[in-house]
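Engineer: Each protein sequence line maps, in turn, to chains G and S. The numbering of the first sequence is my numbering, which starts it at 140 and goes up by one. The numbering of the second sequence is my numbering, which starts it at 2 and goes up by one.
No lab work stands behind these hints, which were simulated from the structure alone. Fair warning: this is a prediction, and the values are worked out from it, not measured in the lab. It is possible that part of the hints are untrue.
Label pairs and their computed distance ranges (CB to CB) [as the list claims (entries may be wrong)]:
hint	chain 1	residue 1	chain 2	residue 2	range
1	G	201	S	25	44 to 52 Å
2	S	122	G	166	29 to 37 Å
3	S	47	G	161	50 to 58 Å
Which chain S residues stay away from chain G? Per the calculated CB distances, all over 12 Å, these [said to hold, decoys possible]:
hint	residue
4	4
5	61
6	71
7	72
8	127
9	132
10	136
11	143
Each residue gets a CB set at the ideal place from its N, CA and C atoms; glycine is no exception.
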Amino acid sequence: MPFSLFNLKALSPEIFLVVVASLMVLFDRAIRAKDFFFWTGLFGTVLAWWLARESLGLAFGGSYLADHYGFFFKTIFLLSLFLSLLISPAYARREGFHFGEYYGLLYFAVCGMMLMASGTDLLVIYLGLELMSLSVYVLVALDWRDSRGLEGGLKYFLLGSLASAFLVMGLAFIYGQTGSLNLLEIKRQLTVSASEMAVLSGIVFFMVALGFKVAMVPFHMWAPDAYEGAPTPVTAFMSVAAKAAGFAALGRIFLLAFAPAHIFWMKLLVPLAVLTMFVGNILAVVQTNIKRLLAYSSVAHAGYVLLGIAVGTREGLSAVLLYLFVYAFMNIGAFAVVTLLQRESGAGESIFDYQGLAKLYPVPAFLMLLFMFSLTGIPPTAGFIGKFYLFRSVVHAGHPWLAVLAVLASVIAAYPYLRIVMLMYMREPERQIRPVASPSLWLALGLSAVGVILIGVYPGSLLHTVMGSVF
Amino acid sequence: MEKVLFGYLAFAILASALLVVLSRHAVKAVLWGLVMFLHQAVLFLTLQAEFLAAIQILVYAGAVLVLFLFVIYLINLREELKWPKFLATYPLAFLVIFFFLVLAGAGISGFTPAPAKGILSTQALLSRGHARLLGEHLFREHILAFEAAGVLLLVAVLGAVVLVRRIREEER
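Bound-form chain S, shown alone (with noise of 0.2 Å):
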């Protein structure tokens, strides 16, 4: 039952992935990748990782995808764009996805995950609950990775409205 609930899972994921990419039209694309986060949520909590199908479900199917539609919506995208000068190295794409393939298909054809350890062991984490380790970890092995995320976002939302604003001075 497991195995064959996880061959769906799988092979709907890497489906819908595929139609994501494949889509001509970018809402469709873009409700391509709802039902890609929803079946991971589904994988996640066959693994019994319950507070990161909650999360996969709230941030990136609740707000990452809204405000992708946004976009597109205020954009007005309605079919893809096409340029030239990118798509003279289109079947490039296809070599480097296929190298990338080949590497992490040899990686995990080796693969022995190392034992847990720490505050990450398997009772830890049945008698604390995920979020509660998550926390942990997060806020204290990984406080400066996490502040300097915080700055990268900045930087994002910072690089954003530094290239609109040359469009709006542009308009006046």
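So here's chain G without its partners, still in its complex pose (with noise of 0.2 Å):
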């Protein structure tokens, strides 16, 4: 394979990232002004976008395609980095991390995320997880005073580590029988070989990786210790772009490479699924953290996207991929609430801070309101749209009973966001508690409020880009 610059071209928001980062890790100690790295993490954002949609094809020696599947979930990690960081300054200056070494560990997650969402090759998917991860460990246990971060990063390393074992024994045994790393190569070899031993065991190998980013259960015992003990805006991070990324690696590994044993994973992949859903929002029910609230939330919400995977059909990806879209927007949104009425030391964190808040402070409180009531699927939000798209998908792929779990699952999930509505408009205030604005965080909120009316209210060029950019 003859090296030509045209391969770096496709590679260009990668290197772009990689460098920006570099370069506001190194020049932390000489910028005393740290907002700096915040407006350099911004542009560079947008900056890094725009390199994304120039630069489609395909690289290396087709071991990295920069198609229109892998622009799309690099539009949700990035715009999922761009609303994180909008909410970071004001949070990050009061627990004393806001240096450039934050900005750029979120700047090498997303790299990492981008190749996974564009590898075509398992060793490159390999590595861009363990990019991801191993960013995102460091930053969930940034706030290492508190005992919180401290456990949850360690818990979240230590499992993640078992999980790369599980990852690379997987890959050994699909390399070892079909000898190719390559998704396109791996496909055409199982067409022969789909129901051998190795290759199965193989299958299961990565959906138990997989899964684990994805927090599938029972692989999800991290998520609730990972996203209550770390930083807010970490949290808001993680829980939309590193699930995205996760689904990435997972959409473009079973539906290509693993395409020809589709009837054995997808006997696997749909009880799991059912399981997530129900098991996150019945845990989800019994919370009073409001992070932990939304943390098994996320799991519930990681099984109906995991159904879109397992149906197998080129509808239920594009559902996955709208419906990532749109958790980026109400996800970081309520998160984005969360950090507005937070304190030093966990206080604002139960649900019973919420009472009374409509009282108080009306418009955090309708934007809550706005995004419990996406999370839950109620029209006209974008949650109503992507849950809408998802179970249909599902019972075109012929499933409509799993459509009807999956909808009894969202009932139950109905109750522990609309109780947060209650808490806020039907009670009495008990104690206040003061939002601590900043600029940056009300544009958060603001963009992420538009984004969910308005993708709830027009979903139909959405929809076009959706159906255009699965493979």
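Using the supplied hints, reconstruct the complex from the two chains, each of which is provided in its own coordinate frame.
Structural biologist: The following block contains the structure:
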């Protein structure tokens, strides 16, 4: 394979992110005004998105493919990076991690995600996953004075390493059996040997490892602790972007390389997806810490999205893309409200701190109501559109009973979400928590709210994009 | 003879790997790791992978383990730490490992290696040598993965520095 500069063009957003991140880390000591890194981060995100849009193509002998599928996921990563950056400065300044390395690590994480979304070589996908995970482990434990942060970070790190071991083992089996790491080549080989025992156990290894990253039950144990312990902007970022990256790899590996063995892995993935939906939602019911509640809800949302992958159709995959895009707005929006009300050492994290919020601060309360409605899936919010197309694709693929189960699960999910709305609007305030707002936080809230409403009311052009983004 | 040698190596690797995990003394655990790496190197030699054997000794036994020892002496870890919060789920670990072993066993039982092809054929190996072929494979086909691994290592260093930096600023 001859080397040419053309190879680097398709990879330009990743290269750009690594260069900017390295510079941010390098000049952290020299630059006293730390807001500089925040602004660099914001503009860099926009520029990286533009680069990703301009540089579609195949590179490095087929081990990297910047196609529309990859680009759509890169849009989700950069969007959630942008929104998470907006909610960062106020929180980071208070907790004392408002420095270049914080923003640099976020950039490195996104770079890893991009490799996962566009890699068409198992080795590249694996290294992307490790790059993302390693950055996120550190980000979770960034606030190590808080013992919850330390515990969450350590748990995530230890269990994540185990998941990586599973992935490498699966990689070894698939490589040994097919003699290739390239996804297309693996698919070609699997059409003859899809029922070999080694292939099947390789697929299960992959399912466990990637299922861990997207918090699929029973590999979700780390999620509540890591989400609760991490600084809230990091929680917002990882709950959307890291999950989307897991699904990007899951979608590409299972629907492309492992497509010939679909009958086998579907039998495993469907029960796990149903289990994930129900366990996530039922455990969310009993939570009183808002971050843990949202963590369990994100487990449940992973369950819905897994259904879209499990059915194995193009329509299902496009519904997955749509759902994850919508999820970025509503979930980061919800975490932005949490950031708004949060104080030092965990104050303002209990859901009872939201009592009577509507009377005291109507605007944050209304925004929270909007995001909660969207997470429940009530029209005319974006969450409804996401769920509707996801469940419709499940029905079209010939599994109406699965869609019924998914709707049942989302009925259970209504309880924890609407309980918060009830607390905000129908209770008298008990103790007063003043929101600490900053212009950038308001911008994040505004953007998320506009996204949730706009997609909910006018989903047409997004649907069109999504249909054109699946391979 | 080959089978006896393999049997010994397999047994020694498994036993020393178990001792790494079970040793209560951190330094002893690392030294058992050294024993394991040396046996692995010999295993590579019996498979006629001389280059890998050399790498195993130089990188793993020579560099990685020495770093481990440095770190253990640096933080003065004499006895194993016990964190009750993590020990509560100790039995679960066996379940996970059991699951892992069953899966791996199922995979190996039906494993038929893919025929050698491309530049990795036996003939090419014999005529041109391991190191050369490995290098060509790594720097042509997997150059992107190689570069990504570089960034990964950078992030690992950076992560350690970020967490330590916070400790320093705390002390001041």
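Engineer: Each hint: holds or not?
Structural biologist: Hints versus structure:
no.	hint	result
1	G:201 with S:25: 44 to 52 Å	holds, 49 Å
2	S:122 with G:166: 29 to 37 Å	violated, 50 Å
3	S:47 with G:161: 50 to 58 Å	violated, 43 Å
4	4	holds, 22 Å
5	61	holds, 16 Å
6	71	holds, 21 Å
7	72	holds, 16 Å
8	127	holds, 19 Å
9	132	holds, 20 Å
10	136	holds, 15 Å
11	143	violated, 6 Å
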